[in-house]
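> Below are the chains, spelled out letter by letter.
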Amino acid sequence: MPEREKDLAIAAHGVHKKYASAPALAGFDLEVARGSVHGLLGPNGAGKTTAVRIMTTLLDADEGSVRVCGFDVAREGRQVRRRIGLVGQYAAVDEELSGRQNLVMFARLSRLSPRAAKARADELLERFGLAETGSKRISAYSGGMRRRLDLAAGLLVAPEVLFVDEPTTGLDPAGRREVWDAVRGLVRGGTTVLLTTQYLEEADQLADQISMLARGRVVAGGTPAELKARVGDDWLELVPRAESDAARIAQIVAPWAGAEIHIAHGRVRVPVADRTSSLLGAAAALRDAGIPLADLAIRTPTLDEVFIQLTGESTLQGVPA
Amino acid sequence: MTTYSDSLADRFRWTISDTLTITRRELQHWRNRPGVLAFNWLFPVLMMAMFTGLLGGAIDVATEGSYVDFVMPGVFAMTMFFGLEGTMLAVSTDAASGVTDRFRSLPMSGLAVVAGRCVADMVNSVIGLAVVVMAGLLFGWRPDASGPAIAAAFALLLLLRFAVLWIGVFLGLKTKNKEAVSAVQVIVWPLLFLSSVFVDTATMPGWLGTIAAANPLSATATATRDLFGNPSLGGGSWFAENAFALAVAMPVLLVIVFLPLSAFTYRHLRR
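Sequence lines, in order, name chains A and B.
If you're matching positions, the first sequence starts at 161 in our numbering and goes up one per residue.
If you're matching positions, the second sequence starts at 739 in our numbering and goes up one per residue.
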């Protein structure tokens, strides 16, 4: 193992995974530093779940190497499983048991003594505001209670790496802050967190580093600020009345583009340096060309824009910047 | 912080401990849902009452004696056979809901997941068997045999349960939706009636009777009838003559096929 990888909580290189129908991962690479929160972002079907299932030893990769805490997931699965925790859709709790029964059972299976398992279960129920409802069956829990119990189940043995999937979906703002605080608290305690989500806001709030996943591979990575900077300061967004005009528009407004122009879903996005002159210039040029527009606006990028730019279905290559 | 050791002795100790934890989980399920459990235990009694009460009068003629003495060993075999659905439903629900994945993400013994299920299901079936035996005694069923023969009869019944347990684990791992479970719940009925559980296979059309006699359920029903000293009929057929040997061999064969298949399927959840 290269010396550098000892400092990494997760090191995945060239991971391929193909299901019967289609490839789920096609050259997936990921490096996560110890003690950081890493956001893995991607739309449904991008391969997030497959990637996490491989990193947590639930699934074998077809190709590539994955190390978690320095251990190979394929050959040293037991060592990996001792050091990880799973929260969210990756692993369920037992609906027919109470919250306390679940936590005690999973604590016992994680090698805690009967006494320690009970104490740990009570401690976590208390911490997540479930002490009162601990003896109720999970199937009677509200969505928020269920989320908090999921989180507790992932934290039973203070994992070195915690895999968290969309931890705040369906939570009210107060519940969301509570979960975020819990995750931040863990990181202060030295835990590495891999957060997968479709929600950029969540990644923006929590993650030190973000990897964007599209069609089975990481298409961009960096801090939230770096990713936003990559897109440029502002966008000129043009929506033609006829989608077929998009390519012609891109040619016409190319002189104002500060970076590569992208076309996605009938919208032309032009990174621009100067808001006013590019807006006026592009508007005049398109009027002269006689192309009818449905919308024309200047926008400031969010992580959403970065995401759409990097994962959009259609990009216009070769337009001079 | 927990300390870990990988010595063989420790792993054995933890496998036992994990098996007990998983078994306890099943017992907690029972305690949380006593209604479902009671229904499963009483259903064979309902079947028995139906057959002896409603149909027994008509069948008595053929058995030249008490239908209840004929049918009870069959009902015991049926009770064991019905355990298939319970095992399959539990395994399938765990696989579909993600509980199996939770177990697989823990540093626990993989063997314990199935071993715990096995212990809990066997305990469940022993209780179910005790319930239907007591009901049979109330209805007038009497074994006419020595203690060791009766013990051997119960051993054969539990062997059948052990065999269908592995079919249930295999099917449960293969089918992750409720529809497939429902399909199996339907298929068990023709399998049940195409046997010597309720009637003598000699009364069926020849070819059908042969198929029914070859059913593992028939072997266990006929062999336990012999051991309990109850009328077994169906005399003469090769299957009836060798019922005891078949009642041992067929479940053992099922275990030899389905236990490795289950282990293989569990491991290949990783594929």
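There could be a bad hint or two in this list.
Straight-line C-alpha distance at most 20 angstroms; calculated SDA-like pairs for lysine to any residue [stated by the list, open to error]:
#1 A:178 x B:1005
#2 A:278 x B:766
#3 A:296 x B:914
#4 A:278 x B:762
#5 B:914 x A:278
#6 A:278 x B:758
#7 A:296 x B:771
#8 A:178 x B:1006
Hints listed in this document are in silico derivations from the structure and should not be mistaken for laboratory results.
> Please go over all the hints and tell whether each is borne out by the structure.
Structure-based check of all given hints:
| no. | hint | verdict |
| --- | --- | --- |
| 1 | A:178 x B:1005 | holds, 18 angstroms |
| 2 | A:278 x B:766 | holds, 16 angstroms |
| 3 | A:296 x B:914 | violated, 27 angstroms |
| 4 | A:278 x B:762 | holds, 15 angstroms |
| 5 | B:914 x A:278 | violated, 32 angstroms |
| 6 | A:278 x B:758 | holds, 16 angstroms |
| 7 | A:296 x B:771 | holds, 13 angstroms |
| 8 | A:178 x B:1006 | holds, 15 angstroms |
Hints 3, 5 from the earlier list are contradicted by this structure; the remaining hints agree with it.
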